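Peer 1: Go by the hints and put chains B and C onto chain A.
Protein chains in written order, with my numbering: chain A, 25 to 188; chain B, 21 to 659; chain C, 26 to 607.
Note that these hints are calculated values from the structure, not bench results. Treat the hints with care, as some may be off.
[Stated by the list, open to error] Listed below are several chain A residues computed to face chain B (Cβ distance under 10 angstroms; list not exhaustive):
id	residue
1	55
2	95
3	161
4	187
Keep in mind the model is a prediction, meaning the values are calculated, not measured. Where a beta carbon is used, it is the ideal one built from N, C-alpha and C, also for glycine.
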Amino acid sequence: MKKKLTTVVFRGTPEQEEKLIAAIDKYKGVKGAMMPILQEAQSIYGYLPIEVQKIIAERTGVSLEEIYGIASFYAQFKLNPDGEVAVAVCLGTACYVKGSGQIIEEVSKQLNVAVGSTSPDGRYSLEATRCIGACGLAPVMTINGEVYGRLTVAEVAGILEKYR
Amino acid sequence: MKSIQELSEIRDRMKQAMVIRKGTEKSYDAVAGQGSVRSQVLICGGTGCTSSGSVNIHKALDEELERRGLQDQVKVVQTGCFGLCANGPIMIIYPEGTFYSHVKVEDVPEIVSEHLLGGRSVDRLLHKEKVDGVLTTIPSLADTGFYKKQHRVALRNCGAIDPENIDEYIGTDGYQALAKVLTQMTPQQVIDTVLASGLRGRGGAGFPTGRKWQFAANQPAGKKYVVCNADEGDPGAFMDRSVLEGDPHAVLEAMAIAGYAIGADEGYIYVRAEYPIAVHRLQVAIAQAREYGLLGQDIFGTGFNFDITLRLGAGAFVCGEETALLTSIEGNRGEPHPRPPFPAVKGLFGKPTIINNVETYANVAQIINNGAAWFSAMGTEKSKGTKVFALGGKIVNTGLVEIPMGTTLREIIDDIGGGIPNGKKFKAAQTGGPSGGCIPARFLDTPIDYDNLLAIGSMMGSGGLIVMDEDNCMVDIAHFFLEFTVDESCGKCTPCRVGTRRLLEILEKIISGNGEMEDLDRMEELCRYIKEGSACGLGQTAPNPVIATMKYFRDEYIAHIVDKTCPAGVCKKLLRYSIDPEKCIGCGKCARNCPNEAIVRTDYIAPGHKLASMQILAEKCVKCGACMSGCKFDAISKS
Amino acid sequence: METVNVKINGRDYVVPANATVLEAARAAKIDIPTLCYLKDINEIGACRLCLVEVSEGGRPFRMVTACVYPVTDGMEIKTNTPKIIASRKMNLELLLSNHDKKCLECVRSTNCELQTLCRQYGVSESRFQGATNHYTIDDKTPIIRDNNKCILCRRCVAVCGKVQGVGVIGANDRGFDTHIASAFENPLAATSCINCGQCIVNCPVGALYERDDTEKVFEALANPDKHVLICTAPSVRAQIGECFGYEPGTDCEGKMVAALRALGFEGVYDMNLTADLTIVEEATELVGRIQGGGALPMITSCSPGWIKFCEHYFPEMTENLSTCKSPQQMFGAVVKTYYAQKMGWNPEDILFVSAIPCTAKKFEVGRPDQSAAGNGIPDVDVAITTREVGRMIQKAGIDFRHLEDEAFDAPFDIGSGAGAIFGATGGVMEAALRYAAELILHTKLEKVDFPEVRGTEGIKVAAYKLGDLTVRVAVASGTGNAKELLNKVKSGELDVQFIEIMACPGGCVNGGGQPIQPAHVRASVDLRAVRAAVLYNDDSLNNLRKSQDNLAVQKLYDEFFGQPNSEKAHHILHTSYIKRGL
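Next up, chain A with everything else stripped away, as it sits in the complex (with noise of 0.2 angstroms):
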C-alpha cells in the first residue's frame, strides 16, 4: 500500500493547534502513545500532514521519519484531506473501455487535481475506483456519493459545475 502525499496546503488555525498540543500533552509520560496521539490528531484536522506530524515530532521528542513510518503504515491514517467535492470515476473494464480514461483526465484537468489525491485548496479530491457494479451505465463517475452514468468528456464541465 503506497500513500499519496498531499498538495493541500495546510490550513490549520490556532485553535487546532492548541488542541493538539494540550492532545500531546495529555499523553505525557504514558507509555507507547503515539498510536493514540496521531489518533486524536487526525481527528483534529482530518488528515496528518508534514505541519502536524513536526509538532507532534518536536513535543514528544519521536524523530519525523518514525512518525510517518508509522502514518504509511497503518491504513486509517490519511495524508489527504478528503475534498469538500469528492470525485471518484470507475476505471472497472466496462468502463475503462467505454472511455472512463478519457473522462477522468478530463476530470482531472478541469478540477487541476490529480488522480489520487485532493486539491490544494482542499475543495476537490478526485479517486479512481474499481468496479461499482454499474456497468449498464458505463463510463460512471460518482461525486460525493451521487451517481452519474453515460458520460462523455463533454458533459463534464457541465456536471462539475453544480459543484463549483
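Peer 2: Only chains B and C this time, still in chain A's reference frame:
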C-alpha cells in the same frame, strides 16, 4: 463499591429482571421486585441491526410508549447481538419471549397496540422456517432451528443484557468470579482451574490458555501485563465484536482474573477502530467498573490492584498477530518480532505479558464460577468447550452461532444455518479466513475441533465460516484471500513481502487465462517456502487458501489453465456470454446496455417473434454482464 | 561460562548457553548466510536467509532463524540440508525479482553480500517475474540512496536510529510497497542527516554509497596548470590496505604515499601535521576558556558529522564547540595562504584534495566560513574517502601490493604520535591532554599516555589533576552516545570541562568513508579496535609523541601565525557554526 456484600445486593436486585429474560418464567407475577414493569422489550443494538436501523426503532418505541403513557410499565433494553443477523433488526418481548424479526419503524405502533396492550402477537413479524418441509411460524427465538443446537457460553449475555448497564451484568452473576478468586483462591489455583478446564486460545492457533498463564506467572514478580486481542480482522468474522458489543464486562472481569493469576496490575485492550460501537461500550464498561471499584486500587478491599487501558488499532490486519499487536501498543509500526522470547517472558514494554483474544476471555469467569469440570464436559477430547462462528456466504441464516466443539459442519450448515439458499449445491466451507483453508463436501461430517480442522488442511482461525456453493470458483476464492493478505502484509520479511505478491501474480495469470501447468508446481514451491519461511503467523498461513484449493479442487485449476474456462462462471476474463436466438425477442435492450457495442442484430427471426435476434461479438465483449442482468427474457447465458 | 551441548550437522559441540544458533555455528566454523543481521544492532530476523532446521527435545525438525534463535541443551541443528539450500535459493530469487540487477555498474559489485550469495547458490535470474518497484535516486548529498537496489534488511535504519540517534531514514508504507526513506519522502538534504555514512558501511548491497568525487581529481591531475596536492587523514593509512585485500589492521602508510605519488599528485602530505596544529590551537583555546572564562565544557570540532549533529540536535550548545577548524580544513587553509605565498602560487591554481575516512567531510568542504584565502576559494576543493582513494589507485592500474614504501613530502611531512591517534575515539582528547598538561604545569610531561580515555567504549569519563587544577573530561563516539552524554551534561548530572566527540562509533577508523567489510566480518572482528591499534602503534613507535614538539608546526607559528590563537590564526584556522535545529 467496597465489598462483595454490595455486589451481591445488586445481583439480587437485578436478578428478577434477568430471570424473566431466560424465558422460563412466563409471568411477572412469579417474580417480585419489578415495580410497575410488566414487559421488557429487548432490541438488538449490535452492529448488524444498528446498520439496518434498530436505533430508530428504539427511538420510535420510546416515543410511542410515552405517547400512550406506558413508559413505566414497559422497559426497553438495548442489547448486544442476538446472532441471527440475517433477520435483523430483531426484537424480543418478555415475559412471552416473542421473537420479531425484520422489524421496521412503521411496525412499532402495531407492536405496542397489539402486543403490549392487546396481548396478541403480531403474526406477520414472527419468524418462519421450514420444519420437516413445512413452513412453520416459530414464536420464540429459543425454538428456532438456529438456536436449538447452539450452546451459548461465550455469548450467554449477548442479546440478553444491556451492555451499557453494569447492574445487568452483575444481575447475571457478573464479577462473582472475580470476587471468588480474590477471596477464596490462590493465583495458582486459578491457573490450575483454567488448565483443568482445557480452555484453548480462541484466536486461531489454539494454545492452551492455562499454560500461557503459567509461563507468565512463573516469571519473577514485578511489572507484568494482561492484554486482550480485540483486533479481529478476518474478512467476514465478527465474533469478538459481538462479545464486546453485547457483554463487555465479561472481558474486563476475565482480564482482572488473569491479572490476579499472573501477578499483573495493568491490562490493555487493543481493539479495532473500525468497531465504533464496541469501542464505545468498552469505554462505558471500563468507566462503570472503575466507578464500582471493580477496576482500580484495592479491589474488594483485598489489596489487589488492576486497571485497563483501551488502545485503538488503526487498520492493520497484521496487528492481530501477538507480537505485532504488542509493538503497536508500544506505539510503533505494527511489525512482528521474533519469538522466542515469547511475550510471556518478554512482552509488552519488555515485561512478561499474556495475550488472549476476546472469546477466550469470555469463557473465563464462567469456568471459575461453574468449575473446570463443567467446561471440560463440553467438546471433544482435545478441544473443550464451545466455539463461536460467524456464519456467512451462501447460507440462509447468516449470523453468529456458538456450538459445542465436535459439532459437525453439516449440523452447522443444515440445522443451524438453515441450509444453502435457492436449492444450490454445497461446494466448500472456508474457515479461518485468509489463514485457513476450504473444507470440501466429503468432510461435512467431520466433528469440528482444532486438530481435525488442521488435519484436513484448514484451521479454526478466529471463527469465520463462509459457505460456498456451486456458483463459487475456488481459484477466485484463493485469489480473493491472497489479495487480502498481500494488502495486509507488513513488509518486514522477504517470504511474505515478495513471496505472497509473486504467488498472487501467478493466480492472476491463471484467472486471466494465461496459466500454464508449470505454474502449479511453482505455486506449490512458493507456498511451501512462504509457509515455512515467513516470520509470523500472517505469512506462515497466507498460502493456506491456495494450498487447500489446489489440494481439493485441482480440477478447477486445470480447467482454468488447460481449457481456459471457469467452471463456476466467475472469472470474468474466461467467461463467454451468448444469446439464445430462440428465446431472444430482439428488443435490443442488451445492445443498449452494452458498454462496448459488442451486441449486434442478426438476420434470424425466431418462430413466433417479430424482430431478428441479437448476437454477442466475442472479440468485443468485455464480460461485464450488463446485457444478461438487463434481459427480461432469460435469453442470455454465460459459460 | 555456562555451556550447553548441541549437535551441528551430526557433530557434537559445546557452546555458550546464551548463544544463538548462528553464534554456535560460527564458533564451529560453519557459516550461515545472513543479510539483515548486525550483531547487537539489527537482530530482527527479517530477511529469513539464515533459516536452518533445528530439533529440540527430540521433536521434529523445523525451520528457525539462526540469527535470533537461542540454542538449548541437546538441540540438533542442520545447516545445509537440501531443504535449507532450496529455501535460500528461493529467498534470493524473490529478492532478485524486485531488484534492478544492474551489477555491472554497481559500486558494490564484488563486494556485495547479495551478489556473493547469488554466486554461491547459483542464482542469476528469478523464475518469478512480476511487478517491481521503481524509485528515484536521492543524490543531492554526499550520501546517495538508491532504493532500486535495496533489499529492506534495515541495517541502515538501525544504525541511523539506534546507534547514531539520528533516525532520518526508516521504513515507509507497508507490504510490497515498503521502502526505506525519510519522512514524507523528502530527500536526505531536507532532513537532519549528518552525512556520517554509517548507513553506507553497514549496507550489504549498493543501495547506499558516497558521492564519487574522483572524476574532479582525475581531471585536475591531467591539467598542467594546476597544483594538485593531497593530504591523508591519520586513519586512511590504517585502512587503505583493506581495499587491496589486506587484513583489517594493516598499516600501509608507505604504499599509500607511493600510490598517490604514482597517481600524479604534486604534493602528498600528512594530515597528522594539522592534527597537531589543531591540538595547539584547541588546547590553547581550552586553557583560555578555563582560565579566562568562556563556554564550558568545550567540545572538539574535528568531526564534521558531529558538528552538524550539534547544530541540529543541540543548537543551544554550538557556543560550546571549539571554534577550531578540523585538521582537514586547517590543512587547506594553511596551504592556500601560507604555502601559496611561500611558493608564489595563486591559490586559485591549487586543487587541494583531502583523503579522509569520512563522508561528512564531503559536506564540510562546502560549509560557509571555510575560505581562508578569501574570494570564495574553498580551503579544500575535494574530499575523497578511503574507498575512493582505493578506486582511483585501482583504476589507474597501480599495483598497490608491490609498491615500495615512500615518505610524505616536505614541508608537511611531520606528524606526531598525538596527531596519529586522532583517528581513534579518545585520541584527540589524549593529544590535547599531552599539550594542556605542559601548558598548565609549565614542565615537560614524563608520562604521555592517558589510557583512561582509550578504548572502544561509547562514553568515557576521566579526571586529571594538573597542579591546582582538576581537568574533568569526557569522550563519546557515535552520535547516539554523544546525545546521551550531552543530555547528562545539560541536566547537570555530569560536570566536565572538555569533551571529545566523534560522530562515528570508535572514531574515524570506523568512519563512513572506510572500506566496507561484510556483516559476518563485522560480527567476528571489532573493526574499531583492530584498526585503532594501527594508530596507537604508530604513536608508541614515534619519537615525537606530543603535538607541541612538532617542529613543522612550530615553524608555521614562527614564520606565519605568531602565537597560538593569534588574530591571524583566528582568521585562518577558526570557523563559526549555524544553529540549524530540527
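Peer 1: Confirm or reject each hint.
Peer 2: Now for the hints, and whether the structure bears them out:
Interface restraint check: residue 55 of chain A against chain B, minimum CB-CB distance 6 angstroms, threshold 10 angstroms, status holds. Checking residue 95 of chain A against chain B by beta carbon gives a least distance of about 9 angstroms; that is within 10 angstroms, so the hint holds. Evaluation of the residue 161 of chain A hint against chain B yields a held restraint, the C-beta minimum of about 8 angstroms falling below 10 angstroms. The interface hint given for residue 187 of chain A is violated, since its Cβ lies 25 angstroms from the closest Cβ of chain B, which is over the 10 angstroms cut-off.
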